[in-house]
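Okay, here's what each chain looks like letter by letter:
4 protein chains.
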Amino acid sequence: MWKEEDNKLVRQFEFKNFVEAFGFMTKVAILAEKMDHHPKWTNVYNQVTIELTTHDAGNTITERDRELAAAIDELLA
Amino acid sequence: MWKEEDNKLVRQFEFKNFVEAFGFMTKVAILAEKMDHHPKWTNVYNQVTIELTTHDAGNTITERDRELAAAIDELLA
Amino acid sequence: MWKEEDNKLVRQFEFKNFVEAFGFMTKVAILAEKMDHHPKWTNVYNQVTIELTTHDAGNTITERDRELAAAIDELLA
Amino acid sequence: MWKEEDNKLVRQFEFKNFVEAFGFMTKVAILAEKMDHHPKWTNVYNQVTIELTTHDAGNTITERDRELAAAIDELLA
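Protein chains in written order, with our numbering: chain A, 24 to 100; chain B, 24 to 100; chain C, 24 to 100; chain D, 24 to 100.
Only chain A is shown next, with the shape it has when bound in the complex:
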């Protein structure tokens, strides 16, 4: 589901409504801070787009991006 675009991992998520979308975002926020790796993400109502790249590696996709992507996917499993 994650696509590689311009050296970023990108995935779009759609929820039933804003409340569900923001509940998801809160869980992602906690994981991101714990892994010390933060997404660029955008939300509009029930839609969330997450972009992952590693600034410290010259904005390329690294293992840290793949680990955060996997942890996010796990939330929805």
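Be a bit skeptical, because a hint or two may be false.
When the alpha-carbon atoms are kept at most 20 Å apart in a straight line, the in silico EDC-like pairs for lysine to aspartate or glutamate are as follows [unchecked claim]: (1) Lys-63(A) to Glu-74(A); (2) Lys-57(D) to Glu-43(C); (3) Lys-39(D) to Asp-59(B).
Coverage of chain C stretches by chain A, computed from C-beta distances (three or more under 8 Å per stretch; other residues unrestricted) [claimed, not checked]: (4) 42-56; (5) 59-70.
Beta-carbon label-pair distances, calculated as ranges [what the hints assert, rightly or not]: (6) Asn-82(A) to Ala-100(C): 33 to 41 Å; (7) Lys-39(C) to Leu-98(A): 24 to 32 Å; (8) Tyr-68(D) to Glu-90(A): 32 to 40 Å; (9) Glu-86(B) to Asp-29(A): 46 to 54 Å; (10) Thr-85(C) to Asn-30(D): 54 to 62 Å; (11) Arg-87(C) to Tyr-68(D): 42 to 50 Å; (12) Asn-30(D) to Asn-82(A): 42 to 50 Å; (13) Leu-99(A) to Glu-37(B): 17 to 25 Å; (14) Glu-86(C) to Asn-30(B): 51 to 59 Å; (15) Asn-30(D) to Asn-69(B): 18 to 26 Å; (16) Lys-26(C) to Asn-30(D): 47 to 55 Å.
Read the hints as simulated data drawn from the structure, not as lab findings. We put the beta carbon where it would ideally sit given N, CA and C, even for glycine.
Use these hints to put chains B, C and D onto chain A, whose structure you have.
For chains B, C and D alone, kept in the frame of chain A given last:
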């Protein structure tokens, strides 16, 4: 699942871990503020206990408590 | 601080770190749902960009956008 | 401000309203998960009570409680 105890609606929730519990709490918080009716609630790790009563009605259970309880249940449906 | 750009109210916010940024976002999320008016917003680490427009009014800036903008500003007062 | 009661560090916090209280709780939640040390806490409207103890140390107050307490205080500095 909600029990009436001492003029309160009380329900305990258990989640897989803290992240799931707090994601749920965030959704409940948004609903509670929207309904202008706030719980007394306690969290320890993966457990959340919610108590609902209506202060403006002399701490009795009213329709407002039943509506918030139903909205919370809906989150888990 | 809010600028009008392409029929949207836009403002950028900067915080000390991600934790402060997401704490702010949670407060905005609660207000947005309460006002039934949701932003398009983007976060990267300590930065939050909020865009407000009213879809039901043909994506123009309306009183609803100004009210949410004022409520957000109030959070930072 | 933190008191030692029954082998727990306990502090009560009061905010302007529920939105401010829950914004604070979200920041504490992120820190708690990051430190892998979770509070027992209770919220009613604008009030938050946090209790810290270390289960793995026989429910006594340890350095982990003091570190989380300090990180929480830092949020309010």
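How the hints compare with the structure:
Using a Cα cut-off of 20 Å, the hinted pair Lys-63(A) and Glu-74(A) holds, with the two alpha carbons roughly 5 Å apart. Taken as a hint, the Lys-57(D) and Glu-43(C) pair is honoured in the structure, with Cα atoms around 14 Å apart against an allowance of 20 Å. A hinted pair counts as satisfied when its Cα atoms are at most 20 Å apart, and Lys-39(D) with Asp-59(B) qualifies at roughly 15 Å. Residues of the region 42-56 of chain C lying with their CB closer than 8 Å to a CB of chain A number 7, which satisfies the three-residue condition for coverage.
Under a criterion of three residues with beta carbons nearer than 8 Å to beta carbons of chain A, the stated coverage of the region 59-70 of chain C is upheld, 8 such residues being counted. As the Cβ distance of Asn-82(A) to Ala-100(C) is approximately 36 Å, the hint placing it in 33 to 41 Å holds. As the Cβ distance of Lys-39(C) to Leu-98(A) is approximately 26 Å, the hint placing it in 24 to 32 Å holds. Distance hint check: the CB atoms of Tyr-68(D) and Glu-90(A) are about 39 Å apart, consistent with the given range 32 to 40 Å.
Take Glu-86(B) and Asp-29(A): their Cβ atoms lie about 53 Å apart, and the range 46 to 54 Å holds. With their beta carbons about 56 Å apart, Thr-85(C) and Asn-30(D) fall inside the hinted range of 54 to 62 Å. The supplied range of 42 to 50 Å is broken by Arg-87(C) and Tyr-68(D), whose beta-carbon atoms lie about 27 Å from each other. Judged by the Cβ atoms, the range 42 to 50 Å given for Asn-30(D) and Asn-82(A) holds: they are separated by roughly 49 Å.
At roughly 20 Å, the beta-carbon separation of Leu-99(A) and Glu-37(B) lies within the given 17 to 25 Å, and the hint holds. The given range of 51 to 59 Å is broken by Glu-86(C) and Asn-30(B), whose C-beta atoms sit roughly 42 Å from each other. The given range of 18 to 26 Å is respected by Asn-30(D) and Asn-69(B), whose C-beta atoms sit roughly 22 Å from each other. Range check, Lys-26(C) to Asn-30(D): about 54 Å between beta-carbon atoms, so the 47 to 55 Å window is met.
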